[in-house]
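J.: Protein chains in written order, with the working numbering: chain A, 2 to 213; chain B, 18 to 268.
It cannot be assumed that every hint is accurate.
Here are the simulated DSS-like cross-link-like pairs (lysine-lysine), alpha carbons at most 25 Å apart as the crow flies [unchecked claim]:
id, chain 1, residue 1, chain 2, residue 2
1, A, Lys-112, B, Lys-93
2, A, Lys-131, B, Lys-143
3, A, Lys-131, B, Lys-163
4, B, Lys-156, A, Lys-131
5, B, Lys-163, A, Lys-112
6, B, Lys-130, A, Lys-112
7, B, Lys-136, A, Lys-131
Hints were generated in silico from the structure; no laboratory data involved.
As the structure is a computational prediction, the values presented were derived from the model and not from experiment.
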Amino acid sequence: MAILEGTQRTLLIAGVAIIFGIILGVLIAFFKISRSRVLNALAWFYVWVFRGTPMLMQLFVFYYAMPLFTADVLGITLRIPALTAAFIAFSLNSAAYLSEIFRGAIQSIDKGQMEAAKALGMSYYQAMFKIIIPQSYRRLIPPLGNELITLVKDTSLVASISLFDLLRTVQVMNNSSGEWVYFLYAGAIYLLFTSIIQLVFDRLEKKYSVYE
Amino acid sequence: MIKLENVYKSFGELEVLKGINLEVQEGEVVCVIGPSGSGKSTMLRCMNQLETITSGKIYINNSLVSHIEDGEDQLKLHEKEASKLRTTLGMVFQRFNLFPHLTVLENLTIAPKMVKGEKGTGMDEKAISLLKSVGLLDKKNEYPSKLSGGQQQRVAIARALAMNPSIMLFDEPTSALDPELVGEVLEVMKKLAEDGMTMVVVTHEMGFAREVGTRVIFMDEGQIVEEGSPEEIFEQPKMDRTKLFLNKIFK
Numbered sequence: 002m003a004i005l006e007g008t009q010r011t012l013l014i015a016g017v018a019i020i021f022g023i024i025l026g027v028l029i030a031f032f033k034i035s036r037s038r039v040l041n042a043l044a045w046f047y048v049w050v051f052r053g054t055p056m057l058m059q060l061f062v063f064y065y066a067m068p069l070f071t072a073d074v075l076g077i078t079l080r081i082p083a084l085t086a087a088f089i090a091f092s093l094n095s096a097a098y099l100s101e102i103f104r105g106a107i108q109s110i111d112k113g114q115m116e117a118a119k120a121l122g123m124s125y126y127q128a129m130f131k132i133i134i135p136q137s138y139r140r141l142i143p144p145l146g147n148e149l150i151t152l153v154k155d156t157s158l159v160a161s162i163s164l165f166d167l168l169r170t171v172q173v174m175n176n177s178s179g180e181w182v183y184f185l186y187a188g189a190i191y192l193l194f195t196s197i198i199q200l201v202f203d204r205l206e207k208k209y210s211v212y213e
Numbered sequence: 018m019i020k021l022e023n024v025y026k027s028f029g030e031l032e033v034l035k036g037i038n039l040e041v042q043e044g045e046v047v048c049v050i051g052p053s054g055s056g057k058s059t060m061l062r063c064m065n066q067l068e069t070i071t072s073g074k075i076y077i078n079n080s081l082v083s084h085i086e087d088g089e090d091q092l093k094l095h096e097k098e099a100s101k102l103r104t105t106l107g108m109v110f111q112r113f114n115l116f117p118h119l120t121v122l123e124n125l126t127i128a129p130k131m132v133k134g135e136k137g138t139g140m141d142e143k144a145i146s147l148l149k150s151v152g153l154l155d156k157k158n159e160y161p162s163k164l165s166g167g168q169q170q171r172v173a174i175a176r177a178l179a180m181n182p183s184i185m186l187f188d189e190p191t192s193a194l195d196p197e198l199v200g201e202v203l204e205v206m207k208k209l210a211e212d213g214m215t216m217v218v219v220t221h222e223m224g225f226a227r228e229v230g231t232r233v234i235f236m237d238e239g240q241i242v243e244e245g246s247p248e249e250i251f252e253q254p255k256m257d258r259t260k261l262f263l264n265k266i267f268k
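Bound-form chain A, shown alone (with noise of 0.2 Å):
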């Protein structure tokens, strides 16, 4: 089964995707509330590129810019698969917007909190792990359901660095049969994934709300 493949494929990317993505954007996020102005450029750096470039252009510099690119900088040829550069890419793109919502969560936690944590001898570290973060997850599961069905679509990006997506594989089952009809179980595939992952985040969302 074709198509079996290609949701597996499309799964495979957003998976690696959004696990990775978690850690360095969580990283990058706590490089932006650093009181390291190095750490802070840093990370405004990280977002500027991956935030202000298109996804596609980022498969194609990963896929296609850097074996040309070692080589004529380091005179080798660094080739990297198809899949580990969607791999990549999409890690490090979903990182950037992760690390905004994260920050977001972060900072939208009232001052006092942190005031009253220090004022009762707990330390910036101690006040942040028990006190800040563990407030802001209620805040970010809203944004990061949207970040996580948005990286599920974007996966059909891949079918430019010729990786056999979902979408590619019907695209292709289509111009051999012609037939529509395949177009509509990929639409099927991705409405399956996507309410899966709303039901799961209004679930997570009912259960952090349960002392407000």
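Since the structure of chain A is already known, use the hints to place chain B on it.
T.: The following block gives chain B in isolation, referenced to the frame of chain A:
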């Protein structure tokens, strides 16, 4: 216990404290009154290093806490030292600032647990007896959002007391409350004063200052204009600015 020497504090161009000298002795209940914007809250926040002073000196229990003196240089207090210092001072905020994601009991135990490494039944018993003393034992498993403002502030007082502070600072503790809820909070504070707690209270509650205060300080435009016993300040104020302020209040 607290001593401020010629303390100045500016926020950018704005000078908020202009040479504050103040000493608070053990067992005193010092009430700080004055118009809004006079620097009362800032002075309180400087005491526990939530604000860094621009110049001057602050001593708590005879040790210099506003900065570290290294020869001619004045170094900023290290975060760890600031945290340690803050545990000797309890602070109650105008807007309660309870931790909304924790239950009432957890609000009381989190700081002793994390800062002092307390644990087990001893800590819980202390928290429970504190909740009893503010009359909120039945709310111990509720989240703060389920409590009225007055109840939240009483929990906030108990939370500060859970760290066994030797001095309690109150930053307009009743200003954010509906009028009918002010009494229950003042009652708790009064009991605390009767138990001998050293307190500095920034307040607009003149009745409380008169009845519970051992000393009243009138601040205006970043300076201490006048201080004395409640009788002296409320019955025979000497300075015109004090008279003007009190006239407005009691009109």
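J.: Name the hints, by number, that the structure is in violation of.
T.: none
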